[in-house]
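Working from the sequences, and respecting the hints, build out all of it.
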Amino acid sequence: MKRRQFNKAVAAAGVVSLANPFSIVRAQAQKLRVGVILPRSGVQGQIGQSCQMGAEIAPAVIKEMLGVDIEIMSADNESNVDTSRTRAERLIQEGAHVLVGAFDSGQTMSMAQVAEQRGIPHVVNIAAAPALTEQGYKFVFRNFQTAPDIVREGLSLIGELFQATNTVPRSAVFMHVNDTFGQAMAKGIGGAMQRLTQLPFKIVDTISYDPAAKDLTVEVSKAKASNADFLLLVCRLNDAIILRREMVKQRWNPMGIVSPGSPGMYEEQFTKTLGKLADYCISNVPWYNANAPLTKVVEKAMAKRFPKEKLHFHGLNVGFTFEAILVAADAFKRARSTDPKTLADAIRQTNITSKMMLGGPIRFNAKGQVEGIGSACVQNLNQVPTVVLPASAAKAKPVFPMPGYKKA
Amino acid sequence: MSFDLVANVVVAGLFTGLVYGLMALGLSVIFGVVRVVNFAHGEMMTIAMYAVTVLFAAWKLDPFFAVLPAAAGFFVFGYLLQAGLINPFITRPEHSQFMLMVAVAIIMVNALLLAFGPDARNVQVDYQLESFEIGKILIDKARLYAALAAVGAAAALFAFFRFTLTGKAIRACADNYLGAKVVGLNVKRYYALTFGLGSACVAVAGCAMVLLVDVTPALGPYYTLLAFVIVIVGGLGSMTGALLGGVLIGVAEALAGLLIAPSAKSMFSFGLLILVLLFRPQGLLGRKS
Amino acid sequence: MTRAGIGLAALSLLLLFFPAFAGPYALSVATLILFFAYTGQAWNVMMGFAGQLSLGHSLYVGVGAYAAGALFFHYGIGPWLGLWLAIVLCVAFGLVIGFLAFRFGISGVYFALLTIAFAEFTRIGFDHLDWLGGPGGMFLKVAQRDAWDLANFRGPPLMYYYAILLLTAAAFAGCWLLLRSKAGYYWQAIREDEQAAQALGVNTFRWKMLAVAISSAMTAVSGVFFAFYYNNLFPEQIFHISRSIEIILGPVIGGIGTLFGPILGAAVLTLLSDGITEALAALGWEIPGIKQVFYGVVLLLVVMFLPHGIWPAVSRKMGIGR
Numbered sequence: 000m001k002r003r004q005f006n007k008a009v010a011a012a013g014v015v016s017l018a019n020p021f022s023i024v025r026a027q028a029q030k031l032r033v034g035v036i037l038p039r040s041g042v043q044g045q046i047g048q049s050c051q052m053g054a055e056i057a058p059a060v061i062k063e064m065l066g067v068d069i070e071i072m073s074a075d076n077e078s079n080v081d082t083s084r085t086r087a088e089r090l091i092q093e094g095a096h097v098l099v100g101a102f103d104s105g106q107t108m109s110m111a112q113v114a115e116q117r118g119i120p121h122v123v124n125i126a127a128a129p130a131l132t133e134q135g136y137k138f139v140f141r142n143f144q145t146a147p148d149i150v151r152e153g154l155s156l157i158g159e160l161f162q163a164t165n166t167v168p169r170s171a172v173f174m175h176v177n178d179t180f181g182q183a184m185a186k187g188i189g190g191a192m193q194r195l196t197q198l199p200f201k202i203v204d205t206i207s208y209d210p211a212a213k214d215l216t217v218e219v220s221k222a223k224a225s226n227a228d229f230l231l232l233v234c235r236l237n238d239a240i241i242l243r244r245e246m247v248k249q250r251w252n253p254m255g256i257v258s259p260g261s262p263g264m265y266e267e268q269f270t271k272t273l274g275k276l277a278d279y280c281i282s283n284v285p286w287y288n289a290n291a292p293l294t295k296v297v298e299k300a301m302a303k304r305f306p307k308e309k310l311h312f313h314g315l316n317v318g319f320t321f322e323a324i325l326v327a328a329d330a331f332k333r334a335r336s337t338d339p340k341t342l343a344d345a346i347r348q349t350n351i352t353s354k355m356m357l358g359g360p361i362r363f364n365a366k367g368q369v370e371g372i373g374s375a376c377v378q379n380l381n382q383v384p385t386v387v388l389p390a391s392a393a394k395a396k397p398v399f400p401m402p403g404y405k406k407a
Numbered sequence: 000m001s002f003d004l005v006a007n008v009v010v011a012g013l014f015t016g017l018v019y020g021l022m023a024l025g026l027s028v029i030f031g032v033v034r035v036v037n038f039a040h041g042e043m044m045t046i047a048m049y050a051v052t053v054l055f056a057a058w059k060l061d062p063f064f065a066v067l068p069a070a071a072g073f074f075v076f077g078y079l080l081q082a083g084l085i086n087p088f089i090t091r092p093e094h095s096q097f098m099l100m101v102a103v104a105i106i107m108v109n110a111l112l113l114a115f116g117p118d119a120r121n122v123q124v125d126y127q128l129e130s131f132e133i134g135k136i137l138i139d140k141a142r143l144y145a146a147l148a149a150v151g152a153a154a155a156l157f158a159f160f161r162f163t164l165t166g167k168a169i170r171a172c173a174d175n176y177l178g179a180k181v182v183g184l185n186v187k188r189y190y191a192l193t194f195g196l197g198s199a200c201v202a203v204a205g206c207a208m209v210l211l212v213d214v215t216p217a218l219g220p221y222y223t224l225l226a227f228v229i230v231i232v233g234g235l236g237s238m239t240g241a242l243l244g245g246v247l248i249g250v251a252e253a254l255a256g257l258l259i260a261p262s263a264k265s266m267f268s269f270g271l272l273i274l275v276l277l278f279r280p281q282g283l284l285g286r287k288s
Numbered sequence: 000m001t002r003a004g005i006g007l008a009a010l011s012l013l014l015l016f017f018p019a020f021a022g023p024y025a026l027s028v029a030t031l032i033l034f035f036a037y038t039g040q041a042w043n044v045m046m047g048f049a050g051q052l053s054l055g056h057s058l059y060v061g062v063g064a065y066a067a068g069a070l071f072f073h074y075g076i077g078p079w080l081g082l083w084l085a086i087v088l089c090v091a092f093g094l095v096i097g098f099l100a101f102r103f104g105i106s107g108v109y110f111a112l113l114t115i116a117f118a119e120f121t122r123i124g125f126d127h128l129d130w131l132g133g134p135g136g137m138f139l140k141v142a143q144r145d146a147w148d149l150a151n152f153r154g155p156p157l158m159y160y161y162a163i164l165l166l167t168a169a170a171f172a173g174c175w176l177l178l179r180s181k182a183g184y185y186w187q188a189i190r191e192d193e194q195a196a197q198a199l200g201v202n203t204f205r206w207k208m209l210a211v212a213i214s215s216a217m218t219a220v221s222g223v224f225f226a227f228y229y230n231n232l233f234p235e236q237i238f239h240i241s242r243s244i245e246i247i248l249g250p251v252i253g254g255i256g257t258l259f260g261p262i263l264g265a266a267v268l269t270l271l272s273d274g275i276t277e278a279l280a281a282l283g284w285e286i287p288g289i290k291q292v293f294y295g296v297v298l299l300l301v302v303m304f305l306p307h308g309i310w311p312a313v314s315r316k317m318g319i320g321r
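Residue numbers (numbering that gives the first Met the number 0), protein chains in the order written: chain Z, 0 to 407; chain W, 0 to 288; chain F, 0 to 321.
Source of the hints: derived by calculation from the structure; they are not laboratory data.
Among these hints, one or two may not hold up.
[Unchecked claim] Computed Cβ-Cβ distance ranges for the label pairs, DEER-style: (1) 204(Z) / 104(F): 28 to 34 Å; (2) 65(Z) / 157(F): 54 to 60 Å; (3) 177(W) / 279(F): 48 to 54 Å; (4) 347(Z) / 123(W): 49 to 55 Å; (5) 371(Z) / 172(F): 55 to 61 Å; (6) 123(W) / 124(F): 34 to 40 Å; (7) 226(Z) / 300(F): 40 to 46 Å; (8) 7(F) / 259(W): 51 to 57 Å; (9) 93(Z) / 11(F): 26 to 32 Å.
All C-beta atoms in this analysis are idealised placements derived from N, C-alpha and C, irrespective of residue type, glycine included.
Written out as structure tokens, the structure reads:
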């Protein structure tokens, strides 16, 4: 095995050393090779596989839309930061012109470092840690909200929710996972609550819990004992399921369960496992615009390629992954070259108005961040995640407080 | 911090602790007799849990009815594992044993991943989400039943070791390896038997645990560590010690979660382990070796 | 020159000139191999030389990484100074654990569990230390990396490769000297039969503590390298028990107590892991989990049939000594 690797390395190096070691073949290439790195196995396997669908429908849809050829090179980072880095190196070695990935902030960071080092553009599909676009990198771009953005949008949507349903909850108990994402959100919420004085409620208790915890009895007991009007929750899928069940067991029926911006409650596994219990849970997250023409195109492509999957469960993952690849393809079309520096410059000039996700046009600021990505208030109704706010994109009216609410 | 809150939390911790205790019991028996560091203990319980979910999905078999077939199946599995794989390692250095079981654990976890995928699975019995109300205390039905099963299984095991000839023979092997051989006991066979018993124990614990927790392939390592903490705190070679250790850890974690930060619960268990290792390495009820 | 000497010289030349003909990917794999080789060698001092099974070695990697990382992150102090803080802290931790264990007569499995408990305790603890980034992690600022900035240990991957190569070579040489010294003989005695050694008047406590100190100091350096190479630190990852296991896999497979074992073991494991991924991709069996099953099976086979590791068997075939 060692010898074979050695020979491969020699051969590869022979080819690479003919050209400039830090760029790939500069010729007028016909195809854009997009390296997509996602956690398709490991702890985040489900989400990675969800995002992957967005990557797989991309070539056909983009060929029709923009007339350019793209080739997807997929790699699985196994939900692991180290593997993310080596996969990035690997894809670049195999000729990827641009990288897309990776959903988790830590994994995204390590591949971003490789991309920056090698001068290959990297378009982040989903990852919220602010640090990603604060490093002064010239090759890393993000078409997703940062944690502070998510919080700001999420909380303001909560305000809208109360207005739309004529309710005035006075207190909330804030529960959050104690990981990278949860902490970033908690920090954001702490700061935002001080500024958003028009919100009628105060956070009476904050309970953080281990994302890997199997038993959340104590946490829910504490939350119930706070007598808060509703539950403000930053969670992930598995803990959301455990929490919801535990709430039923402990007979705690607050006005609602609202996430200011986290995965979990809108995911397929949540409604599949909990059935009726999943209903009325609210997630304020970046979401797709059901009325946008691009959404309809993507939906059709998904139905053809993955007939068993419903877009409303995968909308966020598929949408942003698709948009990231769209950004790369759009830049390729304008740049007419696969030279990484040219591509990066072209990406910086991106201005895509016909998009799938809610919010303003895709335009990168000086730090490589898109501003103005919108969020929607998504409520599970009849076990389908449905947009209930903003009214312009809504498909149904929000229900708050949830039926079964008992003033404790 | 009202009394109700504390009472509810302690009761839940108590019942969960009993199930932990049963799981640790299996390890205590194995570790205490065969002296093998079974680092695949949690993984074995995970396999049992998956088996129960499969039986439930196929035949709507309530986990409690799955207890007997699961225990029987795992007994055989454990026996074969010990006789076939582990026996030659008894005389090998500890790190070798450890690496062997780590390899076995890796294979188990990933074989489960291959077979079942990363999604969490569970059983949804009718009484899953119900609770008894006693005054201000809500007792989770499923948790109560699981705890009762744990106590029952532990009692059965205890009776076995106390009153049967085989049980006494196994205890002899544990107490004095040489002496047992001198008396003519086939120690290797008893080791395999013990491993089988410990595995059966773990299987029953799995049946109980699946009512409390959703199963994923990654569950194994967490429970392996927990089992070791309990066994050491409770005392090696003491069955009541394992149960007591389980309850202690269950309640302690619950209280730590309540009074300190819930995310620091496990820190408390490890701290306790360190203290016990330093000041009373034989555990609470173990004998000084 | 002996066969061993020639072999060693050839290997050294190969490693020295490796970057000249290796692509960037192969270079990053080689850097990873050397990282595990070095860290495995550090662990080997405690286990192979002094016979103390530490299953919580990730503790030292983590503390070392965070110590140097925090100094750089908060105060801009470069790694050459951070290195010393890392070493001091890790040795302190190691000595505390060693003292607690040896004075209270804890050994074998119990010692191993004690080390696990300390590592886990620290992991959860760091998750709650906001000054060090908490679970959100600590991201070290990465500057433009084309130039070799040795003062801040920033540069192209080539620089990191040579740095870790140098470390591994130094560790190899250092361990070789240690084994031949008085310490080496005492350690052997303690490893073979501690009570007999004590009966002969060897101060086993002192020599065991020395092994622990050296091992933790070496691992601290590994942590500092990690911090400045990867530039992001998360308690969940760096202190995790799976890392501790990763660290010991190399020496166990390669051969505990031998000099070359950890290096060979690290190489075999990393290339195997990579090779399996490639092979599976080529066969189209891209199912999650299948690679680790293969990995586990290989591990199992090595542990069962080559209990002293690969190196002793290989070296016997090659007719070399250690």
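Status of the hints after comparison with the structure:
no.	hint	in the structure
1	204(Z) / 104(F): 28 to 34 Å	46 Å, violated
2	65(Z) / 157(F): 54 to 60 Å	38 Å, violated
3	177(W) / 279(F): 48 to 54 Å	49 Å, holds
4	347(Z) / 123(W): 49 to 55 Å	52 Å, holds
5	371(Z) / 172(F): 55 to 61 Å	59 Å, holds
6	123(W) / 124(F): 34 to 40 Å	37 Å, holds
7	226(Z) / 300(F): 40 to 46 Å	59 Å, violated
8	7(F) / 259(W): 51 to 57 Å	54 Å, holds
9	93(Z) / 11(F): 26 to 32 Å	31 Å, holds
The structure does not agree with the numbered hints 1, 2 and 7 stated previously, though it agrees with the rest.
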